[in-house]
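Chemist: Starting from the structure of chain E, add chain U where the hints point.
Taken in order, these protein sequences are the chains called E and U.
Its first residue numbered -3, the first sequence is counted upward by one per residue in our numbering.
Its first residue numbered -3, the second sequence is counted upward by one per residue in our numbering.
Hints were generated in silico from the structure; no laboratory data involved.
Be a bit skeptical, because a hint or two may be false.
The list treats identical chains as interchangeable, and a pair is accepted whether it falls inside one copy or across any two copies.
Distance condition first, Cα-Cα at most 30 Å in a straight line; then the derived DSSO-like pairs of lysine-lysine [said to hold, decoys possible]: (1) Lys206 to Lys52; (2) Lys141 to Lys157; (3) Lys(-1) to Lys141; (4) Lys141 to Lys206.
Number of protein chains: 2
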Amino acid sequence: MKKAVVLLSGGLDSTTTLACAINDGYEVIALSMLYGQRHSKEIESAKKVAEHYHAKHIIVEMDMSFLHSSALTSQDLKVPSHNSASEVKADIPVTYVPARNISMLSLAAGLCESEGGDAIYIGANSVDYSGYPDCRPEFFEAFQKVLNVGTKCGVQGSPVKIITPILSMSKAEIVKLATKLGAPLQYTWSCYNGGEKACGHCDSCLLRLKGFAEAGIKDPVEYEGSI
Amino acid sequence: MKKAVVLLSGGLDSTTTLACAINDGYEVIALSMLYGQRHSKEIESAKKVAEHYHAKHIIVEMDMSFLHSSALTSQDLKVPSHNSASEVKADIPVTYVPARNISMLSLAAGLCESEGGDAIYIGANSVDYSGYPDCRPEFFEAFQKVLNVGTKCGVQGSPVKIITPILSMSKAEIVKLATKLGAPLQYTWSCYNGGEKACGHCDSCLLRLKGFAEAGIKDPVEYEGSI
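The shape of chain E in the complex, shown without the other chains (with noise of 0.2 Å):
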């Protein structure tokens, strides 16, 4: 059976990626980072998600707080809700980590290579997270050209393959094929912040929400006060 490592962070883009690596006929592991998050929601969403596919998971603590330019990684600097984020969003936002999406790989690449497995898949997504680099086609593609001449199993001509299979859908389209594929949605937690519910307000949940309702479907996790 075709193995792949699925980079699973527990939000919606993640676990629509690991269920396409199921329908893909890949057995899965699934590997998520601690990397100083300001919260644990995301991996106890990891966690529950990963065992509705019986899949086997990693989870690897990186204290990335040495990296102090990122609202996601400093105590310092604070995610932006909706109205502070006109700004932000002409330019590269205040969420990007440094190199996340690098590092992430990274360890992917030697988790698959060390696993014999064939495919990395990692939900990045180039639409609604335009503004950040290494979320975009071209940064995939380099990352490959890596994979092929910076590994074992590349030189030995059969690289690691990334899978990027949501990297050009629209909000809407992953939640329908979440819901086509029959994604454990329930379990996901896409907030910035770590309160008992979504907050509804940070630009995670309502790209979230947009998405829900221009594909018609209800979310099934909820929401703080009256969203």
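Modeler: Below, chain U alone, put in the same frame as chain E:
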């Protein structure tokens, strides 16, 4: 002042590389990774080297024990001594850590970008470690492309530059360069094993000893027994 992140393992090569960065006029941030090494000797060496240069030193812990296929991260695989190494040398060595340099460069890239740095120095060597795919020039060229297209500073026109000062040098040339630059070689640790003194028998010790011998310079570190 220009700023560089230097990957510092505490060995001869990375210490020489740090000395090169200082000599090139950079303010240096040393970055060491604890990746489930079998001993902590290297990290102690790295600390002493960084202190010697009064460099900021960041140590990142990352449990890479989930990479079962390398002798440097797994307790189950034996680091080859010289006697058993010949069969391994024809292929990629068992001490190859899947995607290690990729992972270390990724973290260095994140740190460098976060700190507003200009360059990453890495003491990779394609002469003595010709069996490692991630020590070859084509790997570093491919990774540079990743930084150009996949990071914020790259997209904005000022990518972090990967500098590999000793990539094509023999071990003897490295020893001579280190000595010329006044690098504190007495603090360095190259041995794959974690004894009180260097073993003098592992591939890494043998390479180092050969380098010093060919350079006509006395190795300041102590070795076990009669070596």
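Chemist: Next step is simple, just say for each hint if it's right about the structure.
Modeler: Structure-based check of each hint:
Taking the shortest alpha-carbon separations for Lys206 and Lys52, neither the intra-copy value of 32 Å nor the inter-copy value of 45 Å comes in at or below 30 Å. Proximity of Lys141 to Lys157 under the C-alpha cut-off of 30 Å is found in both arrangements, the shortest distances being 10 Å within a copy and 18 Å between copies. When the C-alpha separation of Lys(-1) and Lys141 is checked against a cutoff of 30 Å, the pair qualifies both within a copy, at 20 Å, and between copies, at 28 Å. With identical chains, the CA atoms of Lys141 and Lys206 are never at most 30 Å apart, being 35 Å at best within one copy and 35 Å at best between copies.
Checked against the numbered hints above, the structure breaks hints 1, 4 and satisfies the rest.
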